[in-house]
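Chains as they are written, first to last, in this note's numbering: chain A, 73 to 252; chain B, 20 to 667.
Derived by calculation from the structure, the hints in this document are not laboratory data. You may find that some hints are simply not true.
[What the hints assert, rightly or not] In silico lysine-lysine, DSS-like type, Cα no more than 25 Å apart, as pairs:
| id | chain 1 | residue 1 | chain 2 | residue 2 |
| --- | --- | --- | --- | --- |
| 1 | A | Lys181 | B | Lys53 |
| 2 | A | Lys129 | B | Lys35 |
| 3 | B | Lys477 | B | Lys510 |
| 4 | B | Lys34 | A | Lys74 |
| 5 | B | Lys35 | A | Lys74 |
| 6 | A | Lys149 | B | Lys35 |
| 7 | A | Lys149 | B | Lys53 |
| 8 | B | Lys579 | B | Lys380 |
| 9 | A | Lys149 | B | Lys40 |
[To be verified] So, partial list: chain B residues that the calculated Cβ filter (under 7 Å) puts toward chain A:
| id | residue |
| --- | --- |
| 10 | Arg38 |
| 11 | Ala42 |
| 12 | Ala46 |
Predicted model only: the values in this text are computed from it and were never measured. Yeah, the Cβ is synthetic: ideal placement off N, Cα and C, and Gly gets one too.
Okay, here's what each chain looks like letter by letter:
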Amino acid sequence: MKGIIFTEFIELVETTFGYSIAAALLDGCDLPSGGAYTAVGTYDHEEVLTLVGQLQKLTGTPAADLLEAYGQFLFPKLAAQMESMSLKFDGAIDLLCSLENIIHKEVIKLYPDAELPSFKIQNINSQEIVMEYRSCRPFAHLAKGLISGCGEYYQQTLSVSMKHLDTKSEFFTLISVRQS
Amino acid sequence: MTQSSIEIELSYLRKKISREKDARMQAEVLLERKSTELFGINQRLLEANQNLDVIVARRTQALKTSTKRVEVTSDELQNTVNRLNLVLDIANAVTWLFDVRNQTMDIAGKSQSLLGIEPTRGIPADELLLRIHKDDAPGLIDELNLSLKKGKAINIRCRILSRCGSYRWFLINGELSSFGAKSSLCVIGSCIEMHEQVEREREIWRVANHDLLTGLPNRNHFETQFSVLANDSLASGEGFTAALIDLNDFTQINDTYGYSIGDGVLRDFADVLRGYSDYTSHVARLSGDEYVVIFKNNVATWSAHELCQKLIDECATMSLQNGERLGLSLTMGLAVFPKDGTSLDDLMQSVYSAVQVGKQKKHIGSSCVLYNAAIERERFREKDIRNALKLAIEKQSFDLAFQPIMCNEEESFVGCEALFRWPDMDPQWDIQEVIDVAENSGLILDLGEQVIAMAFAKLSQLSEMGVKKWVAINISPLQFQFQDIPQLISKALVKHNVDPSMLVVEVTENIFLENITRIAAVLSELKKMGVRVSIDDFGSGYSSLRYVQMLPIDKIKIDKAFIDDVGSGVESQGIVQAVINMSHSMGYKVVAEGVETQEQLMALKSMGCDYIQGYFFSKPVNFDELIKLEGFNKAPPLVLKTHLGRTL
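Model the full assembly from the supplied sequences, consistent with the hints where possible.
This is the structure in C-alpha cells:
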C-alpha cells in the first residue's frame, strides 16, 4: 500500500486527536516500519489495520467510522495528485464512473506494483450508481469515506450506503451512491 | 497544557523527527533506486530510440524502394497499355470482357472506329449480341457456352455490324478467366477485324471450287458436296438420282463457231440447268462438256428421267450469241444413290456407263439412259476384261496373227497385216471387244508397245530369212496422243536392224479427231524414217478428204463393209471405185480388206485396186504358217486362181 495512505493517516491522527494520541498510537503498535512512512514508499496494508485498530482502542471511535473519516480526509490529497495528472471530471458521479477505466489505469502507469480494488459500476441513472467493490483488503469503509470526500470536493451532496456481500476469497461490497 | 502533556508531545515530536529522518532516508534510498532505474530505463529508451531510428531509416528506405518500384512498374504498365492500344489500333482489334455474373461486356481498343461503340464498361451483353449477324450469332453463343462449361477457347469468325452500318468479318478469340478482387468469372478476348482477308479467302475458295466460265461448282467442290450429301442420304435413308450430262460433239461447236461462241453455249447451258433448281439440289461442271446434276430426294427417278427429257427438248433449239440457232445434243446417264453406287466413284461409274450406252446412239441425237441391270452386266464384263488384260500385259501372254496382202499387179504376196491375238482369252469375249476395252481403259498403251515389239521381232526374223515382205501394224489414236511413237519405232528399228520400208503403220480415221497438225507432224516424222503409213478402215468413220490430203500417207485401206457389197451392190461398187480413183489421183495406193470371193477379187482388180487382203487368200495365220504359205517366202509370182483360197 502506497505510503501516502500512511502519512496522511498519521497526519489525520495528529490533526484530529493531537500528538499525545498520536504518540500513544505509534507506541502502542508494534509496526514493522516503525511508523517511519514516506509518501513515495510502499508498506504492508496490515499496518493500516493495526493503526486503525489501535486508534479505536485509544479513542473509542469504531474502526469503520475512523476509516470513513480518513477517506473523507484523504480524498482532497488524492484529488490534488489527480489534477497533477490532468484528470478532470464534471462531478462526483462522473469521477466515480471513471474510477476503474481511467483513474486506476493512470495509477497503474505510475505505480506498476500497486494492488488496486476493482469498482464495477451499475448505472441506475445519471444521479445514482451502484459500485461493486471487490478487494483482497477490508477497506470498503475507506472507500465510502473517499466517495463522501469526493462529494464534498465537488460540493455535491451524496448519500452513500453499503451492503457487504463478502466471500471467502475477497471482500465484496455493494456501494450505492445517489446525488441529491 | 500540563508539564506532563508537554513532555509527551515533545517526546512525540522528537520521535517524529527521528521517524521523518528514517522516512527521508527511506525516500532517498527509494529515490536513488528509482533514479537508477530511471537512468536504466532512459538508457534502454535511448537504445530503443536508436534502434527505432535504424528501423525507421531502413523502413523508409524500403518504402522509397517500393515506391520507386511501383513507379517503375506503373510506368511499365502504362507503356504496356500504350503498346497494347497501339497494337490494337494496328491490328484493327477490340478487346472485350464478358462478366458472367452481370451478363455485361467491357469493350476497349479501337471499338469506336470499327464498331461505332465508345470504349466502355458494363454494356448489356444482349445489346451487343444484336450487332452480330443473325446467321453467326448462334455459333458465337455456342462457343461462349462451351467456353463457360468446358473451358474451351473461343475462336470463331463472325460478321458484326460495323460503324458504317454494314456487316464486316471479325475474328473473335476468347478464354475463360477471372477478374477483380473477388475473382469474378469472365470470358476475356479480342475481336480482330479481318473483313478483307475473309473476303479474299472466300474469293479464293470460290475460284478454287467453281468453274470460272459458268460459275457452277467444279469437280473438286462437287466431290465435297457429294460426300456430305451421301452421308445425309445414308443417315436419312432417302436416296437420290444423279445425272451426268455430256454435250455431244461439243468440239465441233468450238471448231465451227469459235471458242467465244462455244463458251457462250456452255454458259447458256449452265443457266438452263440452273432453271431446274426447284428439282435439283446440286449442279456442277465436271470437265469441258460434262455436267452433273443431283436431283432432290423428293424427285423420283422416273420424274428425274422426265426432267432430263424436258432438258433435252429445251436444248434442241438454243440461240447463239451471233443470233444463229443451234440444236444442242445431249447424252445423259442417270443412276440412283445408293442403289447404283454407294460411293461417288461407284455412282459416277454407273452414270458414265449409262452415258456410254447413250453415246452409242448419239448419231441419232440426244438420249437419256437410266442405269440398269444390263448396263451393269456390261460394266462388269468390261471390268473382267480389263482385269484379265492387265494380268496378261504383265505376263506378256499375247501373240500375233498375220494376214497376207496380195499385190494385184505383181500377183504375189507383198506383205501382211499383224493382228493382235490373246491365246488365253476367255472364249466368251471377242477380240474387238477386248481392243475396245483396252482403248477405253488406256491399257492399249502397254498393249500397243508389246504388239510393236512382237511385230518387230517377226520383221527381224523375216529379214534374217531374206523375205522382203512388209508388215503392217495398227497404232491406236491413244498411242499417238500419249506415246512418242516415232521414238518408239526408231529405237525398235535400230534394235532389230530392220529396213524401215518394211514397216507399215496403220492408223484409223479416228486419228483425225486428234490435233491434226500434231498428227501430221508425227506421221511426217515416221515417213522421214522410211516407214510407210496407211489409213485403215477408210469410210467407216470420220472420212475427211481434207485430212486425207493433209496427211503424209502411202496407202488407203477401204473398210470391209464396202468390200462386202462389191461384186453385188452397185452403189458400194461406185463408192469403192471413187475411193480408188481419188486415192490414185492423190498418189496413194489402195488396199481392199475383207475380200472373200472370186467375184469381189475380179471386181476390185477391174477397178484398179492395188492390194487385196482377205479370206479369199488366207485367214490370219500364225507366223510359222505364214512363212509356209506358198508365195509368201518365195519371189516367183503366184497363180492366184488355182492355188490360193480360203482353205489356206
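Discussion item. For a quick check of understanding: which of the numbered hints are violated here, in increasing order?
Written reply: none
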